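Numbering (this note's numbering), first residue to last: 19 to 424.
Any given hint could be a false lead.
Distance ranges between label pairs, derived from CB positions [as the list claims (entries may be wrong)]:
1) P152 x H347: 32 to 40 Å
2) G43 x R237: 51 to 59 Å
3) T216 x V196: 34 to 42 Å
4) F332 x S241: 29 to 37 Å
5) K297 x L343: 21 to 29 Å
These are calculated hints, taken from the structure and not from any lab test. From a predicted model like this one, the values you see are computed outputs, not experimental measurements. C-beta: ideal position from N, C-alpha, C; glycine also.
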Amino acid sequence: MSRTDSSERRRLDWPLLGIVAVLLGIGVMVVYSATKGEAGHHWQKQILFAGMSLVAMTAMYLIPPRYFYAGAYPLYIASLFPLLYIILFKANSVERWIALPGGFNLQPSEFAKVALLLAMARLLSFQPVSLSQPKTLLAPAILFIVPFALVLKEPNLSTALSFVAMTGMMLFFSGLSVRDLFFLVSPVLSVVLTFNHTAWAVMFLVLIAVMWWTRTHLRTMVSLILVNIAAGYAAIFVWNKVLYAHQRDRILTFMDPLRDPQGAGYQVLQSKVALGSGKLLGKGYLHGTQTNLSFLPEEHTDFIFSVLGEQFGFLGCITVLALYLFLLHRILRIAADTRSRFTALMAVGLTGILSFHVLVNISMTVGVMPVTGLPLPFMSYGGSFLISCFIMLGIVLNFRSHGEYL
């Protein structure tokens, strides 16, 4: 490696920060347009959250990297206690946050992402994984399942699934193939698809075909088939005993939004109207009728992309998507350019979280996925998720600037 390459790698990634600043600016503008006639001054609070996030990112950038590596496991353990607090003391409430002085709310599950990211990166940095050696998957599975189960119990299914996306990408980087990941998630797919027998049969045939084509060991084949059959029969139990009523409504409404156009399906239908009415160039900033007339619920949080599409049209949506792709590309470049597995795993995990949020949020607004409540990174209103994103970004940029330190 030349000295020029080394000094280039140690510099702050200004293009990445520039993309984040643009997305943040667009987010504040759209939040203002979505809530300008409402009480609460959400856009001003969003600017305050942005300032707090920048302070948090700067602090993460200035901390010596060795402290993150040394503190990964203690931070992971500490992050579990607020999750337990939510379960124990707010079991009969829909609240998933802890009220703080000054009118702020802390959502512990968002900061559990940071802790799991650090702990998983440290574990996998010296322990490659392989499906042919199940023992290598035991420790990562335990590390993942504890916060996943606690967040799922809150209940917060969407955030729990973001843990899956992050962990899946990190396991893929650590040695698992796409086939291996498909095998691991196939029981979950069986649970989901059992409610559509045709889809479940197709998935089952694909699973058998993949195992046959890749010459999977006979014992593994038999085990996977039995596990998937058991998972399929367990789907009824999951539907009746595990999923909450609002989660079942979201799934049913996703399959047919017109089944309850004035209730559970209202958000998706209004979101489609807002996006479609924007056409190519949009109606113009502050001129969205669906937004201004409050037809679109949660327009400043879950459905911020619909507000963007109505006011800036298809070109505005494509521009934002291009910014996200460039952002994810820059983060993955950090993983590609470093020889530190810890740094690379942090970057890959962050990419998993952000890409999952972007994919699910936008798919939700256009009606191809159920309404989940996942915010759009750097644009949706809210403090906890925004601050946690900047914290993870600051840590990754910190590692990048220190080259091969770890």
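Going down the list of hints, with the structure as the test:
| no. | hint | in the structure |
| --- | --- | --- |
| 1 | P152 x H347: 32 to 40 Å | 34 Å, holds |
| 2 | G43 x R237: 51 to 59 Å | 56 Å, holds |
| 3 | T216 x V196: 34 to 42 Å | 24 Å, violated |
| 4 | F332 x S241: 29 to 37 Å | 48 Å, violated |
| 5 | K297 x L343: 21 to 29 Å | 23 Å, holds |
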